[in-house]
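J.: Residue-level listing of the chains:
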Amino acid sequence: MKTQPIDDFAVHLSPERHESVHSGSKAGHEKRTKVLFEDLPIANDLRALAGAIKQHAIENLDTYLPQIEAKLQANGAQVHWAATAEDACAAVLGIMQRRGATRMVKAKTMVSEEIELGHYLQARGIECLETDLGEFIVQLDGDIPSHVVKPIIHKNRREIAETFEKHGLGAFDSDPETITRRARNFLRQKYLGADVGLTGANFAVAESGRLVIVTNEGNSRFCLAATKCHIALVGIEKILPRDRDLGVLLNLLARSGTGQQLTVYTEFISGPARPGQPDGPEEMHVIFVDNGRTEVLAGDCREILRCIRCGACMNVCPVYRQASGHAYRSIYPGPVGAVLSPLLAGKNFPALADLPKASSLCGACSEVCPVDIPIPDLLLRLRDRGKREGVSSPNTPPMAPWAILATQPFAWNAAMRAGKVMDYLPVELFPIPAVQAWTKTRTLPEWRGGEFRKWLRDRRSPEK
Amino acid sequence: MDLPHRVRPGADRRVQFMATCLCDAFYDEAAAASVEVLEHAGCIVEFPEAQTCCGQPAFNGGDWPASRKVVRHTVKTFAGECPIVVPSGSCAAMMFHGAPLEFEKEADLGEVQAVGQRTWELCDFLVNGLGITHWPGRYPSRLAFHRSCHSRGTPSVAATLTLLRSIDGVELTEFGEAEQCCGFGGTFSVGFPHISSAMGALKLDHVLAAQPEAIISGDMSCLMHLGGLAAREGRPIRTLHIAQVLRDSLVHRAAVPH
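Protein chains in written order, with my numbering: chain S, 19 to 482; chain G, 356 to 613.
A portion of the hints provided could be inaccurate.
[Unchecked claim] Distance windows between CB atoms, simulated:
| # | chain 1 | residue 1 | chain 2 | residue 2 | range |
| --- | --- | --- | --- | --- | --- |
| 1 | G | Arg593 | S | Glu34 | 28 to 38 Å |
| 2 | G | Glu532 | S | Leu58 | 19 to 29 Å |
| 3 | G | Arg369 | S | Gln279 | 52 to 62 Å |
| 4 | G | Arg369 | S | Pro33 | 53 to 63 Å |
| 5 | G | Asp560 | S | Asp80 | 48 to 58 Å |
| 6 | S | His30 | G | Asp560 | 18 to 28 Å |
| 7 | G | Asp367 | S | Gln279 | 51 to 61 Å |
| 8 | S | Glu34 | G | Arg369 | 56 to 66 Å |
| 9 | G | Glu466 | S | Ala66 | 23 to 33 Å |
| 10 | S | Pro194 | G | Gly589 | 37 to 47 Å |
| 11 | S | Ala429 | G | Glu466 | 16 to 26 Å |
| 12 | G | Glu466 | S | Ile422 | 19 to 29 Å |
| 13 | G | Asp560 | S | Leu210 | 43 to 53 Å |
| 14 | S | Gly188 | G | Glu532 | 34 to 44 Å |
[Unchecked claim] Straight-line alpha carbon distances no greater than 20 Å define the calculated DMTMM-like cross-link-like pairs of lysine to aspartate or glutamate that follow:
| # | chain 1 | residue 1 | chain 2 | residue 2 |
| --- | --- | --- | --- | --- |
| 15 | S | Lys472 | G | Glu384 |
| 16 | S | Lys52 | G | Glu534 |
| 17 | S | Lys472 | G | Asp383 |
| 18 | S | Lys89 | S | Asp261 |
| 19 | S | Lys20 | S | Glu446 |
| 20 | S | Lys365 | S | Asp318 |
| 21 | G | Lys424 | G | Glu461 |
| 22 | S | Lys44 | G | Glu532 |
| 23 | S | Lys89 | S | Glu285 |
| 24 | S | Lys52 | G | Glu532 |
| 25 | S | Lys44 | G | Glu529 |
| 26 | S | Lys89 | S | Glu225 |
| 27 | S | Lys246 | S | Asp213 |
| 28 | S | Lys472 | G | Glu404 |
| 29 | S | Lys52 | G | Glu529 |
| 30 | G | Lys460 | S | Asp318 |
| 31 | S | Lys246 | S | Asp297 |
| 32 | S | Lys49 | G | Glu534 |
| 33 | S | Lys472 | G | Glu394 |
| 34 | S | Lys44 | S | Glu385 |
| 35 | S | Lys438 | G | Asp383 |
| 36 | S | Lys89 | S | Glu301 |
| 37 | S | Lys458 | S | Asp441 |
Simulated from the structure, these hints should not be mistaken for lab results.
Remember, predicted model here, so these are calculated numbers, not experimental data.
Just so it is clear, CB atoms sit at the ideal spot from N, CA and C, and this is done for glycine as well.
Working from the sequences, and respecting the hints, build out all of it.
T.: Given below as structure tokens:
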């Protein structure tokens, strides 16, 4: 029997990995709920406001992108536009080659994962080192992140200690402080030897040309302080119109993502070092990445571009908790990934068209989303699109026969009465995938087709 | 979820009852109880005989053309002006939210929206449509109330709790992760049987730890899933629609000698 890939992935997930993902995401959700509502009783109003701000921003990119370009240039930064992943990677490489640079330290940025920058640069002889602890471990393992905020949510301490041991970072020791100290000692030397620091941006403000970067480890500050050239990779949907919008978005981002009031570091970068400023990069480049986003913007799922990558939807998602992020076969997992990944895949949509099916449509994701994205509606739109484009979907019962029955009351009522026969047959042996899938773990209730209508008729018949 | 402006009951309290396909096939008790509850509340209950299903299975399954056929049949069947009451948060949400979504580009969107504006989930209708805040009778039982996901963000959860808490004898048990899904999700339950069952088992762990006498819900679909899992896992639990609790509460009252 063919199965849905995500369900199949969950079947084969090791109990250890399942436990890491389940407990990590559940704890993240509980912390988020506590901190968000303790501090902000009006959090749900703020979510709606933040959603409106982001929706306005993405629908007016034609205004805000030229505005931020002018501001960034006035601030002394150089602006680049990348239509595709390849363009974005090439832009980074070009900047490095012009400077004769060969060593990059990079902070955590999802868009760099999306465009697979690390592989691109390494294949061209450039050392590209992840400095976020989670991403560093992912890089050591040759793994991919399984969560947008906690890249190694799928790993436990023992596994991390084994990775460190394997890569010569000390004898096995799963004490978190030891692991952190070892990573720090290793990375500090690397910052000092690097030529270029690469970051993303959580927000890019059009009116001021200000980039905002939030981290908890301070690694992005080291990336900028130790190098002479800062490259920022920014998805075009990261735009906010005004600085004051940050008041809404920053209040929601950390609480939603990590259950913190504010991340440990919130950096506001307004350009390269100014004359007389002792530290900081002498050169700053901002690469705005499209990579399919304008196409998403033109479609009927554009609300997904509001996403600020907090990860709250994956933390709360019961399917993510069972299947883990890697089940989604893309860099953006969970509910947001189930929408965004097939859309960003462009022509390869069919290859990821099963992702939107991996949801009971319970709506927990949209209930926690800090920018109020109606994720279940978007999942449904993509299911419709998959069907229209003829993508086959294992174990989805055919609906055409049902639609015929459900539009012909006589046939419907006959089927209701005839269904009684199911009670006397070994239903679990029916060669119908949907029936087998149900009865493998669940009994069917007793068939009572037509009984309600009979009851109502008897009750209302005048002779009674 | 924004509820559309809703058509309120008229002075004669006439309503059309949508039984749902699940009650038609499996849960006649829940549908019958709903009718009795509505009648107790003074409603004249009409039952459009041509009704079948709200169209949700195909809507969720991704076959929108098939779903739209069934929605059109439902719209035609429920012609009229009065409120439509349905003992399911899920089917109600299909009518006021799902169907308008799949009809966005259709010429008959207006007719679909009009039916959506008339559709109420049962408890929401009793409390917010009819203004009932106290349910008479007695129901001495320890119950676990599962809030179905399709009533998330709607007035149904608060309405249901208002009614249940007003019934003499009802003890509502608390249980962990109450907001988590039961794992059903329509076609999801057969498309993703492993994940669906794991979700349901977690829900059962939480609910059964609270040792209720029954799990109750406004949606038989969740209860079909939880009840089916529980039976197969050898830890059977009674499942009841809220309407059955409301109806039996009246029965118990009647049984008390004056």
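J.: Taking the hints in turn, state whether each one holds.
T.: How the hints compare with the structure:
Between Arg593 (chain G) and Glu34 (chain S) the beta carbon distance is about 36 Å. The supplied range of 28 to 38 Å therefore holds. A C-beta distance of roughly 23 Å is found between Glu532 (chain G) and Leu58 (chain S), which places it inside the suggested range of 19 to 29 Å. Between Arg369 (chain G) and Gln279 (chain S) the beta carbons are some 53 Å apart, a value that agrees with the proposed interval 52 to 62 Å. A C-beta distance of roughly 56 Å is found between Arg369 (chain G) and Pro33 (chain S), which places it inside the suggested range of 53 to 63 Å.
Hint check: Asp560 (chain G) to Asp80 (chain S), Cβ distance near 52 Å, so the stated range 48 to 58 Å holds. Checked against the hint of 18 to 28 Å, the pair His30 (chain S) and Asp560 (chain G) passes, with Cβ atoms roughly 23 Å apart. Judged by the Cβ atoms, the range 51 to 61 Å given for Asp367 (chain G) and Gln279 (chain S) holds: they are separated by roughly 55 Å. Distance hint for Glu34 (chain S) and Arg369 (chain G): a CB-CB separation of about 60 Å, consistent with the stated range 56 to 66 Å.
Taking 23 to 33 Å as the suggested C-beta distance range, the pair Glu466 (chain G) and Ala66 (chain S) conforms, at roughly 29 Å. Checked against the hint of 37 to 47 Å, the pair Pro194 (chain S) and Gly589 (chain G) passes, with Cβ atoms roughly 41 Å apart. One distance hint, 16 to 26 Å for the beta-carbon pair Ala429 (chain S) and Glu466 (chain G), holds here, with the actual separation near 24 Å. Checked against the hint of 19 to 29 Å, the C-beta distance between Glu466 (chain G) and Ile422 (chain S) comes to roughly 22 Å, which is consistent with it.
Under the hint 43 to 53 Å, the C-beta atoms of Asp560 (chain G) and Leu210 (chain S), about 52 Å apart, fit the expected range. Checked against the given bound of 34 to 44 Å, the beta carbons of Gly188 (chain S) and Glu532 (chain G), roughly 39 Å apart, stay inside it. Taking the CA atoms of Lys472 (chain S) and Glu384 (chain G), the gap is about 12 Å. The hint holds against a cut of 20 Å. At roughly 15 Å between alpha-carbon atoms, Lys52 (chain S) and Glu534 (chain G) fall within 20 Å of each other, so this suggested pair holds.
Our distance criterion of 20 Å between C-alpha atoms is met by Lys472 (chain S) and Asp383 (chain G), whose separation comes to about 10 Å. At most 20 Å may separate the alpha-carbon atoms for a hinted pair to count; Lys89 (chain S) and Asp261 (chain S) meet this at roughly 13 Å. Between Lys20 (chain S) and Glu446 (chain S), the direct Cα distance comes to roughly 17 Å. Compliance with the 20 Å bound is thereby established for this hinted pair. The straight-line distance between the Cα atoms of Lys365 (chain S) and Asp318 (chain S) is roughly 16 Å, inside the 20 Å bound, and the hint therefore holds.
Taken as a hint, the Lys424 (chain G) and Glu461 (chain G) pair is honoured in the structure, with Cα atoms around 12 Å apart against an allowance of 20 Å. A threshold of 20 Å between alpha carbons decides the hint, and for Lys44 (chain S) with Glu532 (chain G) the separation of about 10 Å falls inside it, so the pair holds. With a C-alpha separation of about 18 Å, the suggested pairing of Lys89 (chain S) with Glu285 (chain S) holds against the 20 Å cut-off. Straight-line distance between C-alpha atoms of Lys52 (chain S) and Glu532 (chain G) comes to about 14 Å, which keeps the hinted pair within the 20 Å bound.
Among the hinted pairs, Lys44 (chain S) with Glu529 (chain G) is consistent with the structure: their alpha-carbon atoms are about 19 Å apart, no more than 20 Å. Distance hint between Lys89 (chain S) and Glu225 (chain S) is fulfilled; the C-alpha atoms sit about 7 Å from each other, no more than 20 Å. Distance check on the hinted pair: Lys246 (chain S) and Asp213 (chain S) sit about 7 Å apart at the alpha-carbon level, within 20 Å; holds. A distance of roughly 11 Å separates the Cα atoms of Lys472 (chain S) and Glu404 (chain G); the hinted pair therefore holds under the 20 Å criterion.
This hinted pair checks out: Lys52 (chain S) and Glu529 (chain G) have alpha carbons roughly 18 Å apart, not beyond 20 Å. Straight-line distance between C-alpha atoms of Lys460 (chain G) and Asp318 (chain S) comes to about 11 Å, which keeps the hinted pair within the 20 Å bound. Distance restraint check for Lys246 (chain S) and Asp297 (chain S): the Cα-Cα separation of roughly 9 Å lies within the 20 Å cut-off, and the hinted pair is therefore satisfied. With a CA separation close to 15 Å, the supplied pair Lys49 (chain S) and Glu534 (chain G) stays within the 20 Å bound.
For the proposed pair Lys472 (chain S) and Glu394 (chain G), the alpha carbon gap of about 18 Å is at most 20 Å, so the pair holds. Annotation: proposed proximity of Lys44 (chain S) to Glu385 (chain S) holds, straight-line Cα distance about 15 Å (limit 20 Å). Of the pairs offered as hints, the one joining Lys438 (chain S) and Asp383 (chain G) holds, with about 13 Å between alpha carbons and a cut-off of 20 Å not exceeded. Distance hint between Lys89 (chain S) and Glu301 (chain S) is fulfilled; the C-alpha atoms sit about 16 Å from each other, no more than 20 Å.
Among the hinted pairs, Lys458 (chain S) with Asp441 (chain S) is consistent with the structure: their alpha-carbon atoms are about 16 Å apart, no more than 20 Å.
In summary, the structure agrees with every hint in the numbered list given earlier.
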